[in-house]
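Q: If you want the building blocks of each chain, they are given just below.
Protein chains: 4
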Amino acid sequence: MSKEGVVEIRVRYADTDQMGVVYYANYFVWLEVARGEFFRIKGIQYKDLETEKGISLPVIEAFCKYKSPARYDDVVMIKTRACAVKNTGLRFDYELIDKKSSQLLATAYTTHVFIDKERHPVRIPDEIKALF
Amino acid sequence: MSKEGVVEIRVRYADTDQMGVVYYANYFVWLEVARGEFFRIKGIQYKDLETEKGISLPVIEAFCKYKSPARYDDVVMIKTRACAVKNTGLRFDYELIDKKSSQLLATAYTTHVFIDKERHPVRIPDEIKALF
Amino acid sequence: MSKEGVVEIRVRYADTDQMGVVYYANYFVWLEVARGEFFRIKGIQYKDLETEKGISLPVIEAFCKYKSPARYDDVVMIKTRACAVKNTGLRFDYELIDKKSSQLLATAYTTHVFIDKERHPVRIPDEIKALF
Amino acid sequence: MSKEGVVEIRVRYADTDQMGVVYYANYFVWLEVARGEFFRIKGIQYKDLETEKGISLPVIEAFCKYKSPARYDDVVMIKTRACAVKNTGLRFDYELIDKKSSQLLATAYTTHVFIDKERHPVRIPDEIKALF
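Chains as they are written, first to last, in my numbering: chain A, 473 to 604; chain B, 473 to 604; chain C, 473 to 604; chain D, 473 to 604.
Extracted from the complex, chain A is given alone in its bound form:
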C-alpha cells in the first residue's frame, strides 16, 4: 500500500498576517490536517484511536522550511509520507505545493510518539503498523 497521502487546503483570511502572507505558525495546523487525511485515506480515523483505544499521537518535534509564501485564497496541496520510528513512534514528511503554479512553498516534518491516557509511550497500534 502506498505510504503517501495528498490533501488540499484553501488559505483562509484568518491564516494571513499583516505581511500579506500566511503566518508561519499556521502551516503547522495544515500539517495536522494532512496527517488526519493521511490516516483517513488508509481507512483509519485518527479520532477512533483516541476515543476507542485511548491512544494519542502528540508531536515530539516539528520543523518547517519556508520557501515561498502562501497567500489568501491559494489552494495548497500537501503531500504526506510517513514511516515508523522504532516501536512507538511515527515520522511524517510533508511537501507543501501551490496548486496553481506547482511551486514548492515549504517542506516540513513532524515526529510523534503514541501515548496512552496517562501519557506513557505505547507500542504502535497494529492497524497503524500494518500501513508500513
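Quick caveat, the hints were computed from the structure, so don't treat them as lab data.
All of these numbers come straight from a predicted model, not from anything done at the bench.
Any given hint could be a false lead.
Remember, identical chains collapse to one label, so a pair may be satisfied in a single copy or spanning two.
[Claimed, not checked] Here are the simulated lysine-lysine pairs, DSS-like style, with alpha carbons at most 27 Å apart:
no., residue 1, residue 2
1, Lys551, Lys537
2, Lys601, Lys514
3, Lys539, Lys519
4, Lys572, Lys539
5, Lys525, Lys589
6, Lys558, Lys572
7, Lys601, Lys558
8, Lys589, Lys558
9, Lys572, Lys601
10, Lys558, Lys519
11, Lys539, Lys601
12, Lys589, Lys601
13, Lys551, Lys589
14, Lys589, Lys539
15, Lys514, Lys539
16, Lys558, Lys539
17, Lys525, Lys572
18, Lys525, Lys539
Based on the hints, put chains B, C and D in the right spot on chain A.
A: Chains B, C and D only, in chain A's frame:
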C-alpha cells in the same frame, strides 16, 4: 466588592490579517483572557473550577461590535463587568480600549452557563455567587 | 439567483480546546470561510475585490449563539444567506449544522461595510449589488 | 550588551486542545512574542522596522522540540538568544520553561532574513547589527 476587572493585552503579529489590523475572531480570544483575569482578581482561579469541581463555563452567546481597528503591538485594555443570569449563568460585558489613545475599539458581551462533566447545567457555585 | 450558499468544514484538532469541543472563537473563522464560498458560488472572488478594486469588507458586528458543541473530525455544514444593508453594507446570516446528525449547532450573523484603502466607507460594488 | 531576553506568557484556554494540553502550533506564536520582547528589551520596536523602514523579518525555518506539555493557566517563561547569520539573517534560540516548576517544556529555534517590501533580502539594519 467591585464587579469590574481590567486586563491589558499586547497585540501579537499572529493576531493581524492582511488588512493590517487584528482579525475579528481574535477579539473573542482576548475576551476569554479578560474573563480569566476577572476571576483571578476576585481570588478565583477558573482552572480550579474545572479541575477541582468538574464545572465548566462554556459560552452560550458571543457578540462583538467593532468600532476602530486594533493594530500590531498596540496595548488593548479590556474592562470587564459581570452579572449573574438566573441561577445557572453569567453574563460578561466588555469594553476594549486602546491604551495609548484611550479610543474605544470595541464593545462586546458573552453569556455562559455552568455545566458539569456530562454537560448538564448546574447552579452557580457559591464562591462565584458571592461575587455579585 | 439564490441568495444562499452552503459550505462544509471538517473540524480540525486545532479547533478544539480542553473541554473536548470546538473553542468558541473558532466558529467565527468558519463564518469567514462561509462568506468566501458564498461569493465564490456567485462567481465573485472576494480576493479580487481587495487586490483589483482596493475594497475590503471588514466586520462591524459579529454574533454567535451556540446550541450544541462541535467536536473533532465532525463535518459542519454552514448555510449562509446575505442581504444588503443600506448602500454600503452587507449582513450575513448563518446556520451551522452537524452534517451527520443534522443537528443545529449554532446560528450566527455578521454585519459588514465596504471600505477603501483609507478605510473610508464606499458604496456596494455593482457586481455585489447585482446579487440581491 | 546581553544577547538574551526573557518573557512570560500565561497559557490561554484557546491555546489548549482536546488532549488537555497546549496545541503544538501555538508554541510558534509564543516564539513570535518572545522575539518581539527580545527587540523591545534592546530598545528596538519591531513594528518601527516595518512601518518606518519597510523592512520585515519573515521566518525561513522553524523548529520546536516538545519535552513536557504546557497546560491552561500555566505561566511559560521563554528565554531567547539571538545571533546574526551572515549579513542578511538572524537566528533565535529559545528555551521554554514552566515558571512554577522550572521544568523545561520545549526548546526551539527560528531563522529569519531581512527583506524589503518587494520581498528582496536586505542587509541587517545597523541598529540591529549593533546588538551583536
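Q: Classify it for me, Lys558 with Lys539: is the Cα-Cα distance of at most 27 Å met within a copy, between copies, both or neither?
A: For Lys558 and Lys539, only the inter-copy Cα distance (18 Å) is at most 27 Å; the intra-copy one is 31 Å.
Q: Quick one: Lys551 to Lys537, C-alpha cut-off 27 Å, is that within a copy, between copies, both, or neither?
A: Intra 15 Å, inter 23 Å, cutoff 27 Å: intra and inter.
Q: When no copy is specified for Lys589 and Lys601, does a C-alpha distance of 27 Å or less occur within a copy, between copies, both, or neither?
A: within (20 Å within a copy, 35 Å between copies)
Q: With 27 Å as the alpha-carbon cut-off, assign the pair Lys572 and Lys601 to within, between, both or neither.
A: neither (35 Å within a copy, 30 Å between copies)
Q: When no copy is specified for Lys551 and Lys589, does a C-alpha distance of 27 Å or less occur within a copy, between copies, both, or neither?
A: neither (30 Å within a copy, 31 Å between copies)
Q: For the identical chains here, do Lys589 and Lys539 meet the 27 Å Cα criterion within one copy, between copies, both, or neither?
A: between (38 Å within a copy, 17 Å between copies)
Q: Classify it for me, Lys558 with Lys519: is the Cα-Cα distance of at most 27 Å met within a copy, between copies, both or neither?
A: within (23 Å within a copy, 37 Å between copies)
Q: Is it within, between, both or neither when you check Lys525 against Lys539 at 27 Å Cα-Cα?
A: between (38 Å within a copy, 24 Å between copies)
Q: Indicate which option fits the pair Lys589, Lys558 if close means a Cα-Cα distance not exceeding 27 Å: within, between, both or neither.
A: The answer is within: 21 Å in one copy meets 27 Å, while 37 Å across copies does not.
Q: My question is about Lys525 and Lys589: at a cut-off of 27 Å on alpha-carbon distance, are they close within one copy, between copies, both, or neither?
A: Both ways: Lys525 and Lys589 sit 9 Å apart in one copy and 21 Å across, limit 27 Å.
Q: Within a copy, between copies, both or neither: which one fits Lys601 and Lys514 at a CA-CA cutoff of 27 Å?
A: Intra 12 Å, inter 46 Å, cutoff 27 Å: intra-copy only.
Q: With 27 Å as the alpha-carbon cut-off, assign the pair Lys558 and Lys572 to within, between, both or neither.
A: neither (38 Å within a copy, 34 Å between copies)
In this structure, the earlier hints numbered 6, 9, 13 and 15 are contradicted, and the remaining ones agree with it.
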